[in-house]
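K.L.:
Guided by the hints, dock chains B and C with the ligands onto chain A, whose structure is given.
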Amino acid sequence: MRDAFDACLKCTLCVSQCPVMSVNPDFPGPKALGPEWYRQNQAQMTAPLPHVDDCTFCQICESVCPVDVPIAHLIAEQKAEKKHSLRVWLRDEILARPQWVARMAWLGAIPEPMRRLGKISPGVQLPKPRKGQVRTLGEPLGADPRRIGLFVDCYSSGYDQELVMRARELLRIWGFSVTLVPGEAQCCGAAAYAAGNPGLAKSTGHAMFRTLNRKKSDYDVIVTLNATCDGTLRDEWPEFYGLQITVPVIPFDEIANQAPELFWEQLASLPAEPGAWITHTTCRGKVARGDGQLWELAKRAGFWDAEPSDAVCCGAGGSYAFKAEHESTAEQLAFRVREQALSSEAKGIITDSGTCAIHMEQAASIPARHPAYWLYARYLRYLEEGETHETKTS
Amino acid sequence: MSRASDVIVIGRGPAGLLVSSLVVEQGGQVDMIADGLGTLPLWGGQFDFRSYDNDRKPVADPWAWWHRFGDTHPGGSVSAQMWRSWWQHLRDLWFTMEIPTEKLLPTKNRGTVTPLGRIKPAFLVPTWQFTQEYAGAITLVGVPDLVDFPVEAMARVYTWTTGMTAEIRWLERSPSWRPGWNGLNWAWYLDTEEGRRWLWEQVKSFRRGSAPLVFPQILGVDHTESLIEVLGELWGRGVAEIPLPPPSVGGLRLQRRWERWLRRKGVRLVQGRVKEIGGDFAALEGRRIHGGHVVLATGGVLGGGLEVLIDGQVRDRLMGLSLGVVKEPEDLASIGYRSWLEPTRVAGSALAGCDPNRHGDGGAMMLLTSHAVFSAVSGQEGRLEHAGRF
Amino acid sequence: MVIVIGGGASGLGLAWDLLLRSIPVMVVEMGDIGSGTSGRFHGLLHSGGRYVVSDVQAARECWEENRILKRVAGAAIKATGGYFLSVDDEGDAYVQDWVKGAEAIGLPVKEVAVGQIRETVENLGPWVRRGFSVPDGVLEGFTLLHLLRLNIENLGGEILTHTTVTDIRHENGRVVGVEVMDKDGPRVIACDAVVNAAGPYAGEVARLFHDGIAMQLSRGTMLIFANRRVPYVINRLAPPGDGDIIVPHGETAILGTTDVLQEDPGSTRATREEAQYLMQLGQRLFADMDRWRVLRAFTGVRPLYQDGQEIRDSRYISRDFTVIDHGQRRGLVGAFSLVGGKWTTYRLMAEHMADAVAAYLKVKRSSRTAEVPLQTAVEMDLRPGPTICECERVSLGQLARWPCASLTEWRTRSWFAMGPCQGTMCGHRGALLAMAVQTPSTALRELSQLRHERERGWWPTTWGDNARQWALGQALRHQTLAEEAWSDE
Ligand SMILES: Cc1cc2nc3c(=O)[nH]c(=O)nc-3n(C[C@H](O)[C@H](O)[C@H](O)COP(=O)(O)OP(=O)(O)OC[C@H]3O[C@@H](n4cnc5c(N)ncnc54)[C@H](O)[C@@H]3O)c2cc1C
Ligand SMILES: Cc1cc2nc3c(=O)[nH]c(=O)nc-3n(C[C@H](O)[C@H](O)[C@H](O)COP(=O)(O)OP(=O)(O)OC[C@H]3O[C@@H](n4cnc5c(N)ncnc54)[C@H](O)[C@@H]3O)c2cc1C
Ligand code: SF4
Ligand code: SF4
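In order, the protein sequence lines correspond to chains A, B and C.
Counted from 1, the first sequence has number 338 at position 338 by this note's numbering; the numbering is strictly sequential.
Throughout, this note's numbering is defined as the position within the second sequence, counted from one, plus 394.
Throughout, this note's numbering is defined as the position within the third sequence, counted from one, plus 784.
Extracted from the complex, chain A is given alone in its bound form (with noise of 0.2 angstroms):
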């Protein structure tokens, strides 16, 4: 954080590039509430400007600076400073743990005046957790020593253990050996930076690096299923958490491109996904990683006539579309999601984090999945009609 706050060339490539900015028309933008906030405030104790909650901590403004102003992090200090009402202070301190939340999945949906209480955006529904069996895949296709630590979000543990079990599902036929972390529910602290509580951030992001390390031994690769989470070990813990994670933290979406080659001829030989789809790389995937990966994947896996999402965001921003106050902001960068699978009529949306799936399959009203799920979905169909395509094509 100490480094090039005081970068700023005034350039407004952030500003052209936030999300919020293109559809929020009270919104100051990443320039003003970052770093020129931050230099005011430097010199004399400055009021939170208005509407600075209405950052979504996606870093895109990051990504795009060429002086690296670490132009969220800023913001999530000043975020900080805000006072808010007790309702809302309440409803905040819970949703920067998700980890509550997420163990709290089975209460399922939230009752209206309990929402209108906590000032929960009325648009926005909790799904029904995920529990869905998984079916073996069988032996696995090749052998590779690596040992993974699959990262369960808090998400993904409270209400998709679906996918959680589908993604270890296929790691194993790819031949790794496969370990659940850090094996409760448990937050790495991005959803309470992102709320503007960097203190708690740092404290949950300790809490979890220390579970992490316990069963450091179990481990060579983390591989992780949310960008969010995924960004937030590899590249926030060093600079802003004071966390150096020792093994390398990879994405499932390129651990999966990785996969023996005889896993996707065997997808290969099945006709192709119908239909038009739409992978979506989450803004904190874009940051941590690059856009252009998930696309290649889903049409290796057979969705080819998938279409990369023009969308920057989505505007679910982890808890953030939760909030009555951004409901307005959230719905109309989903929106773009929504007139883009309108478009073209697609079946279904690939994306890499839970809370954009659901955000975006309330927004589209087609499902919205990770990966995993797709290609799971797709091998199992390989499994049941494999056979038959096979003996068809020779």
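Simulated from the structure, these hints should not be mistaken for lab results.
Cβ pair distances, simulated, as ranges:
| hint | chain 1 | residue 1 | chain 2 | residue 2 | range |
| --- | --- | --- | --- | --- | --- |
| 1 | C | GLN900 | A | TRP100 | 34 to 40 angstroms |
| 2 | A | ASP3 | C | GLY899 | 19 to 25 angstroms |
| 3 | A | GLY199 | C | ARG855 | 38 to 44 angstroms |
| 4 | C | ASP1074 | B | ARG631 | 54 to 60 angstroms |
| 5 | A | GLN258 | B | LYS497 | 45 to 51 angstroms |
| 6 | B | GLU561 | C | ALA1189 | 28 to 34 angstroms |
Even glycine gets a Cβ: it sits at the ideal position worked out from N, Cα and C.
P.N.:
Relative to chain A, chains B and C with the ligands alone:
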């Protein structure tokens, strides 16, 4: 990463985008790596050929101009025919990206107007930008509180320099307007249904005029052409825009369309800073990307490819090479690699010898270097005799 | 009436003192207010700590004035406090002398654990050993000058800017008027006495009094960093030397200074070598200073006075500044010079000078500047209208409060174009606004002058991100705006 790419392009500025486009057009796989956005959204997106001569006098016919350089300029010995094919290609490429330009290549520079009211030469511009062959009367659209487009002063400078009249029509504050809005805020607003309707009503109520209606560059980001078309019908004459200082909507439109096109061509965009390169790899923090060739399109000092040290030494950040010492301000703009092939392939403003600030040749430099590098990586070295000579 | 030559700290301070004694005054300044040394200094309101060993008299005066100014000019002073830090390679002997010296003049210094200081300033070099707090402060030069100007004008004093004194009219060896030159040509203004408060130009003006004075001019270079990296003044606890003070100034921090003899009273452009030299020195305090975003380097010229054989009245003399009555020497009667000194002691200097002038005019009233606080302007609606300069948050309404005499005046009054982007994004906005009252050619010329003024201090510090800022600025000027294109001819 699944497939090693054919070419790794480092940099996401105009040069990086162009080299990547050339490679994918030939069916190659590209990994574009960048730690920042590059400069496209910092300017209006007019691609200059050659705007000023060495005495800062405007150049009317840039086609003829290049022959005068010989060995003194990186593009000195490129034939007019070669230039023509490159510009034509860029125009066609833009066409497929839905970046609209005139059908025919310009035969000479036209004049555009800057927010200072100054006339400035322009070569290849998207059709939304205001240009004219001879200075004529114009009608400027004033936008309340848009400090980068103070129409009264602009009109005075315009009339003072050209002797032509510049009338003014004012927009009101729209119901959605907020204090502090810049051109980009307006543009996002005018992309919405509400914004477009509001603007139609405004233009309908304008007192008629006989000159083209010239807006600041605020007419939407993604739906500009259709908006301009309707406005043109309402006004009854040409409607066009003048690019503003950053955030520049024209460049932003180009960047969005260009990158959209590249995404659909399967270009992988890798986010991060390259720390080291070799003949067939680029290493980032914690990972290494492999590819057949590596192209540096890392920009000059602004783009971050070159770094100036406290003592004035200029160093290339990737190879650690010292490229010289800056003594006078002019040195900073034109310093860089001496050759586009040695010690590695270099496209864009990282190459020495061009100074777009002085000469107005940013677009030409981009074409020249990108095509030169492309010939090299695609094994067509012969196409460009001059490569590597200076 | 008294004519004061020079609209810097000394001149305006003197005018204010004379007016409070009901002596009519006119100030004549050849440039803008503060275009001399008073606008090009380090910004330190000395506590005296720097001089307790080397110059006790100056130290005493500083400490006294420090307290007075906080009282009467509070609006232009930030009582940040400061620290003297001793670094490994300095001997303990000096630290002891220093503490004793401070005690001797009653300066409240207190030793503070270095660990505690590190909590408020990060990245202090590991070799910093001891720290002492002192009541240093920040003196905002332009703010104080404009405050003085306001109060002078309120009392009916007149201030002419962009007007140069070119000669003195005298009868029988006695001053009766001055000849001035402004954009409308030369004219004569009658007066009873004239005071030379021309700072570094004092030697030249004294010649018009038929009396030479020997100035010893020394140039000092300073570096401005983009952010307020330190919350208070940081001094090195060592005999006064180069590059040993960092002063937080508004949203910036300034490192200085150097001390190099020079002949030319006009300040010259700082060089990259000087900037580099300062960085080396600064890194003794902050090891990571090479990663601080630098903005510019600037120089000021110290109008120091070389003791000669001239008649001196000990009443008026401090070790630090000198009051000269040229009538008592070989020069004109009714001509005075005020030279040397510091910003911190400008009030005291003015008081001594005014005593001499009052005596000459046979006015018996004594100085009241230590008691009468400077009135601040009635704050109007502060930021109406759109923002012109985003770095320093200067609005259209703010600029519109001052009729645009020049872009420079707007700049020094409002801080427009003084922030991290150095006017990259707002220079043209200012020029276009000025066009409401100026012709296009004048406004564009002023824009060009503003750019050159900015670039003068910017260029020597074009390294790292500041070099990228430069590159962006040039592209904008030449490619986006076509600022200096052919069309002006
Ligand atoms: C304000 C402005 C106005 C302009 N106006 C005009 C005009 O009117 N007409 C015209 O023709 N041209 C104009 N230009 C264009 C200009 O003249 C240059 O030609 C252009 O900016 C150069 O682009 P580039 O692609 O070479 O570099 P850049 O756009 O600077 O791109 C550099 C890229 O490299 C990346 N990078 C650098 N180092 C690394 C690394 N180690 N690892 C990963 N990535 C790295 C950066 O992140 C960035 O993406 C203008 C430019 C500016 C800034
Ligand atoms: C590098 C440096 C750092 C310093 N740091 C500090 C500090 O931190 N704290 C501190 O207390 N002091 C500091 N000082 C000292 C202090 O700035 C000066 O002593 C003080 O500003 C001098 O003010 P002045 O009014 O005498 O001179 P000036 O401010 O130079 O004023 C003289 C004015 O006279 C005008 N003029 C000259 N000739 C004519 C003419 N013929 N007609 C009309 N006008 C004319 C000039 O344009 C000028 O504006 C510093 C000085 C320097 C050089
Ligand atoms: S983090 Fe995202 S929403 Fe927040 S300012 Fe940056 S780009 Fe905008
Ligand atoms: S992108 Fe970076 S340098 Fe440019 S305005 Fe934003 S914070 Fe400043």
